[in-house]
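Protein chains in written order, with our numbering: chain A, 1 to 354; chain B, 355 to 708; chain C, 709 to 1062; chain D, 1063 to 1416.
Note that these hints are calculated values from the structure, not bench results.
Bear in mind that the values here come from a model prediction, so they are computed numbers and not experimental data.
Simulated pairs of lysine-lysine, DSSO-like, Cα-Cα distance not exceeding 27 Å:
| # | chain 1 | residue 1 | chain 2 | residue 2 |
| --- | --- | --- | --- | --- |
| 1 | A | Lys-6 | C | Lys-943 |
| 2 | A | Lys-219 | A | Lys-110 |
| 3 | C | Lys-872 | D | Lys-1277 |
| 4 | A | Lys-63 | C | Lys-943 |
| 5 | B | Lys-708 | C | Lys-847 |
| 6 | C | Lys-783 | A | Lys-7 |
| 7 | A | Lys-6 | C | Lys-778 |
| 8 | D | Lys-1410 | A | Lys-344 |
| 9 | A | Lys-235 | C | Lys-943 |
| 10 | A | Lys-235 | C | Lys-715 |
| 11 | A | Lys-27 | A | Lys-70 |
| 12 | B | Lys-424 | D | Lys-1068 |
| 13 | D | Lys-1284 | D | Lys-1133 |
| 14 | A | Lys-71 | A | Lys-219 |
| 15 | D | Lys-1406 | A | Lys-354 |
| 16 | A | Lys-348 | D | Lys-1406 |
| 17 | D | Lys-1068 | D | Lys-1125 |
| 18 | D | Lys-1226 | D | Lys-1277 |
| 19 | B | Lys-361 | D | Lys-1125 |
| 20 | D | Lys-1132 | D | Lys-1172 |
| 21 | B | Lys-573 | A | Lys-215 |
| 22 | A | Lys-222 | A | Lys-70 |
| 23 | D | Lys-1133 | C | Lys-872 |
| 24 | C | Lys-923 | D | Lys-1226 |
| 25 | B | Lys-573 | B | Lys-429 |
| 26 | D | Lys-1068 | B | Lys-589 |
| 27 | A | Lys-75 | A | Lys-27 |
| 28 | A | Lys-354 | A | Lys-110 |
| 29 | D | Lys-1125 | B | Lys-429 |
| 30 | D | Lys-1089 | B | Lys-417 |
Number of protein chains: 4
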Amino acid sequence: MIAVLKKETTDRQIHDLTEWLESMGLKVHLSRGDYATIVGLVGDTSNIDRELLESLDIVESVKTISEPFKKANRKFHPEDTVVEVGGTGGTGEGGSEGRSEGGSTVGCVKVGGGNFAVMAGPCSVESRDQIEEVAQAVKDAGALILRGGAFKPRTSPYDFQGLKDEGIELLEHARAHTGLPIVTEIMNPNHLPMFENVDLIQVGARNMQNFELLKELGKINKPILLKRGMANTIKEWLMSAEYIMAGGNENIILCERGIRTFETYTRNTLDLSAIPVLKELTHLPVIVDPSHATGVARYVKPMALAAAAAGADGLMIEVHNNPSKALCDGAQSLTPEQFADVMKGVNKIREVMK
Amino acid sequence: MIAVLKKETTDRQIHDLTEWLESMGLKVHLSRGDYATIVGLVGDTSNIDRELLESLDIVESVKTISEPFKKANRKFHPEDTVVEVGGTGGTGEGGSEGRSEGGSTVGCVKVGGGNFAVMAGPCSVESRDQIEEVAQAVKDAGALILRGGAFKPRTSPYDFQGLKDEGIELLEHARAHTGLPIVTEIMNPNHLPMFENVDLIQVGARNMQNFELLKELGKINKPILLKRGMANTIKEWLMSAEYIMAGGNENIILCERGIRTFETYTRNTLDLSAIPVLKELTHLPVIVDPSHATGVARYVKPMALAAAAAGADGLMIEVHNNPSKALCDGAQSLTPEQFADVMKGVNKIREVMK
Amino acid sequence: MIAVLKKETTDRQIHDLTEWLESMGLKVHLSRGDYATIVGLVGDTSNIDRELLESLDIVESVKTISEPFKKANRKFHPEDTVVEVGGTGGTGEGGSEGRSEGGSTVGCVKVGGGNFAVMAGPCSVESRDQIEEVAQAVKDAGALILRGGAFKPRTSPYDFQGLKDEGIELLEHARAHTGLPIVTEIMNPNHLPMFENVDLIQVGARNMQNFELLKELGKINKPILLKRGMANTIKEWLMSAEYIMAGGNENIILCERGIRTFETYTRNTLDLSAIPVLKELTHLPVIVDPSHATGVARYVKPMALAAAAAGADGLMIEVHNNPSKALCDGAQSLTPEQFADVMKGVNKIREVMK
Amino acid sequence: MIAVLKKETTDRQIHDLTEWLESMGLKVHLSRGDYATIVGLVGDTSNIDRELLESLDIVESVKTISEPFKKANRKFHPEDTVVEVGGTGGTGEGGSEGRSEGGSTVGCVKVGGGNFAVMAGPCSVESRDQIEEVAQAVKDAGALILRGGAFKPRTSPYDFQGLKDEGIELLEHARAHTGLPIVTEIMNPNHLPMFENVDLIQVGARNMQNFELLKELGKINKPILLKRGMANTIKEWLMSAEYIMAGGNENIILCERGIRTFETYTRNTLDLSAIPVLKELTHLPVIVDPSHATGVARYVKPMALAAAAAGADGLMIEVHNNPSKALCDGAQSLTPEQFADVMKGVNKIREVMK
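Using the sequences and the accompanying hints, generate a full structural model.
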C-alpha cells in the first residue's frame, strides 16, 4: 500500500503517521519529493483501513498494490483448480468414478485445468416430461451437466417464481434418468436443505454480493457456480468467491454472464476479456453463459464459439424443447437441434485449441 | 402492450396469434402497414409473458406501454405517501404523537408529502459512547432519525462486519437517550427478530434485488428504507418496492445513493434526476444519501443542498465524532460541526422551496 | 509517478531501470518490500510515457500522483477564472462596460468567480421572428446570454442540420435587438470565419475530443464553452480544456450536460457531483445544461435548482416560443413562461447561497 | 412508428392529430384501449420528428419500429458488401489484380463476404527502419494490410502527436517495400490531400461522431475504416456509417474496439456480441481491434481468437519490433513473434469455421 502525502505536510505530522503505522506492525518507507511525500507500507496491510487512511487531512491519495483476494489468488496457488461436479460431490456416496442413482450412474464431471464442460437445460423446470426430454437431448448432444431453474429470481413479483422444491425433485428425476449431474440456483440460505442432492449450486448475478448467502455456502463442501453480478467488477467478483473460500469451501466455478452497459441490442454485454484476465488472477475455473448475456437465441452460437476460443473452461446454455412455449426467457433458449449444432462448432474450436 | 409482426407474417399466422391472445382475455387491435403489422393488446396484459411473445418467429418486437409496477404507481395512487417512522411504527406502542422510552419520548417522524427528514449518524456503530455522542450531536443540529450500521455489507470477508445484535442494542440505547427513531440495515431475513425494535429497516444497495429478503419484509408492517442498487434502473428499483408492497407492506421510503458509471473522481455518480422522475412515477417518498454516493466528505454539502433543491423528501448523511478514527468509510463522514453547517444550508434551501 | 516492480525483479534490472529514469532528469526513490519494490519518481515526469513504463516486463503497475493538466489546474492558479462574454470579447470593440451594436448595447457578461450567468434560447435558430421573440422573452426573464444552434450535430444524416451561416446572422440580429451576447456551436475549424462575431463559441459533447478543432480554438482569443463528452471522465474533459489553453486561449467555461449510463428514463444522467469536483481541481467556471441532460422539459426546473444549489456558475437552458413546433429537441424545451418560473426559483436559491 | 396517447385525450385532440399526421402523407391506424389509445403510423415516417411528437401534451410515448439507417441496412441490401483495399482503391491506377509500386505489386485485399483480412503494424510510425521492419514481419506472418499511426489523437496536448505527413510518407515507403496496402487515421478534413495515396482511411473512435469529417469522407471513393466510438451504441455507429454512405461512398469497414464500462482490468470492454448483431443489421464488413480494446498485449491473442470464432471479417492488431521502446501504447503491442503465434491460432480457427 502506498500513501501520497500532501506537499504541505509537516515533519511532525509525518513522524506521527509513521509511528502509528509502525505500531500496526508495518515497515514504512518514506520518499520525499518536491511535490509530494510518498509513504510505502510494506508488510501485512490487511489491518489498515484504506478509507480511513484516505480520510486523514495530510493524505492526498492511497493506492493498493497487492490484490485483496488471497485464497482465490493464483499467486499463492499457481496450478488450476479442478472442480468435480457429481460423483461424490452430489451426496457424499460414490467416488470420482461416478455414483449409481436410479438406473443410471451419475457422472463425475471435472471443470477446469483443461477439462471443458457444457451445462445445458431449460431456464425453468416446468414438468417431468419437459425436463427429462431436454436432459436426454442435451446429453445426446454432448452436455455433461443438466441445468434448470427451480427458484427463479424475477424482477417482478407478479412473474412466475419457479416450481421451487418440486422443481428440484424433477431435476433429480432427470438426473436418475440420464446420469447427468444437476445445477440449479439458490436464493435463500434457508433453502439449503432442499439443495442437499443438488450437485452444483448456482449463485445468480443478483445475489453475487448477498454476503449472508455466500457465508452459508462457505460452510458446505458442495461445488458452487458463482455468476458475475451484472454491474460488478472482476475484483468484486473474486472477493465474493473469497467470501465462500474464507469459510472453507474452495470448490468454486466462476461464470461470466454479461455486464450492464449502454448498448441495448443485446440484453447485457458479454465481457469475454474477463476470461484471460481471470486466468491470470485466479486458479478457479471460468465458464461463460452466452444465453443470458445476449438474451437472443441466434447470438448464442457465435458467442459460445468465441468463449471457447478465448479459453473458457465451459459453457452454460439454455435449451428448451419448445422455445415458443417456455414460461420464461423463451427468446434466448435454443432448440435441441440448435444446441447440437452449437456443440459441434464448440468441439471443433476445442479441438484446434489443444 | 404492442407486438410488431414481421412483414412476411401470413394471415393464417396472424389469425392463430389473435385467437391465442384473445383466449387470455385480451382485446386485440390489428393495424396492417406496408412494412409491418401492429398488434395492439388492450386489457390486463399481466398474464402475458413478454419474452415468450418476443420469442415467437413471427414477432419482430414487443413494446410495453404501461408500467409494470402497480402498487407503487402514482397513476393509481395520486397523493403522496407519508411514511411514519418511530412512534407506533417502532414497537406497536404509543401513537403518532411519539412513544415513551427510557427518559425520552421517541418521536414519530413523517417522511414524504412535504415532510422533510434528515437521517444522520455513523457508518458503523462502534461503542455506546460513540453512538450516544453522535446521536446527541446530530439531534442538536436538526436530524430527526439516527442511522448507524450494525450489520455491514463489506466487499471483503476480511473487513470489519459490524457489531451485529450488539450494535442494534447500542442504537436502542442512543434512541432512549435522545428520542430519535433509529434506522439500520438488514442483510438476512433470519435476522428479523433482532430488528423488532428498529424503527426503520434499511435494505442496502447490494440487496435491492435479494427478492427473498424483500418478500419477508413485505410480511411485516414496519417502514422500509429501500436503497437503489448501484447498477439498477429506476424501473427495477420500483419493481423491488413492488415486491415488498405486494406482500402487504406499503411503508417504503426510496433512497438514491449513486449509480455505477465510468467516472472515478466520485465513488458513484449521484443521480439526482431520479428525484423528479420518481416524483412522477410513484407516490413513495424519496431521500438521497450524498455520503455514499460521492464517498468524499467535502462533496457532501453541495450534493445535500442540490438534493433538497431537486425536491428530495429527506437526506441520509454519515456523521462521525472523529472521522479519522472511524473503522470504516471514514473518508466520507462529516464531523458534527460540518453536519451542522450542512443542516443550516439545507434549511435555507427548504425555506425558499416552499 | 510511482512504479511498482514485480517481486522477482533482479537487482541488475532495478539498477538499469534507475539509470534510465535518472537519465531523464528524475530523482528515483527505491522502497524494497517483501512483496514488491516501489520506485518513486520525483521531478518532471511529463517526459515519461506512462504506458511505455507499464509495458516493461519487470513493472507490475504504474500510478500517477499529480494531475496531467497544468494550465487548468487550480493548484497553480488558485483564484477563480472569470470569463467575460460579449463586450470586448465579441469583436474587439468596446470594453467590459459593453459595446454598442444596432440600437442596443451588448452587455459584457462575467461568468465565474461568483458571477452567475444563465444562457437560454432555442435548440435551433429557425427564423428571425422566432429568435428575436425568444431572445426578448429570455432577456425579460433574466437570461444574460442568448443561445441558439446554427450548426446542428445530428445522429442521422437525414435530420435537419441547422440554418448554418444564416442561423448565425439571425443570432446577430437578435443580439442587436436585445443586447444579449450570443453563444452557438462550432463543428468544423473551417467554419471559424463565420464565428467572428459570435461572443462565445460552443464545443459540443461529440466534439470534446476533436483535438484538431480544439487546437484551432486555442489560437483565438474568444471565450469557449466546452461541453463534457457524454462518456468522458472529468479528467479527460480537463485535458480537452488543456488542449485549448496550451494554445494560448485560457477563456474557457466548462458545461456539464449529462453522461451516458444504463438509466433510460432520462436521456443522460446529469452528473452534478462534477461541480464540486471541478471546483476543487480547476479554476475554470462550470455551468450546467439540464435541458440536454434530462431531455424532458418537466425535469429541467428541479435540475436547474439543484445545479444552482450545488454551486454551478451558470446554466444553459433551452427555451422555445412554441415547443410543439420546434424542428428539433422540442420535448426538452421550456416555454418562456416556464423559463421565467425556473429563473425565479434559481434566483431564490442563489440568494440563500450567498 | 407508434404513438401512445394519454388516457385523457379527447376525441377532438385525436382528430386534430390524425389530420396533421395524414397531411404529411401517412396512413393513421387508431386503436382505442381502456388505458391508452395507440396511433400506428404507416408510410414514410422519416419526415416526422420523433421528439416533436413526443413533446405534444397528449402523447405519452412514441416508439420507432423500423431502423433509421437505410443504406447500411441489410434489409435493403441482403448480400454482404466486399470492400476492396489497395489495388485500384489506392490511387486509381491498377486493377483488382493489384498495382505496381516501387519494386512491389500492391495487393488488392478484399474484406467481407467470407474474405478475412488482418491489419497489423505499430501504433505510431516512428522511423523508416521501424515501419519497414515491422511491415516485413507482419507480412511474413500473414497480415494483408499495414497499419501505422501518422496523426495520433492523444488525450493530452503534451503527448506525442505523431509524425503527421512524414509518417504517411514512411508508410508509403513500407508499402512500396512490401506490397501491403496501408491504413492510417485521419483527424481533420483539411488533411485529406495528404491521404491521397493512403489505401484505407481510418476514422478513430473519438471522431466517430465528427459529422463534418464523415461528410467529407462521403465525397471520396476511398474505403473507410470506421471505428466504434467508445461510448456509442451500435445504432449510432451505423448512423455514422450512414453519414458517409449518404454522401455516396459505400466502401466502409466497421471496427469494434471496445466500449467504456466500469471494469478497469482492461482498458475498455471488447463487445464481441456486436459482431453477430451487426451481421444481422448490416451488409458492411466488421473487424475487431483487440489491442486497443484490452490495452494489454497478453490479452490480445485470446481476444483475437474469440473475434475470429464470433465471425469477424478481420482483425486490427498492434505489432512493434520492440514494444519496450514504443513511443506510445507500448503496453498493448505484440512482438512480431507473438503476432505470428496469434496468426497461427487465428488461421486454425478460420479453418474450422468454414
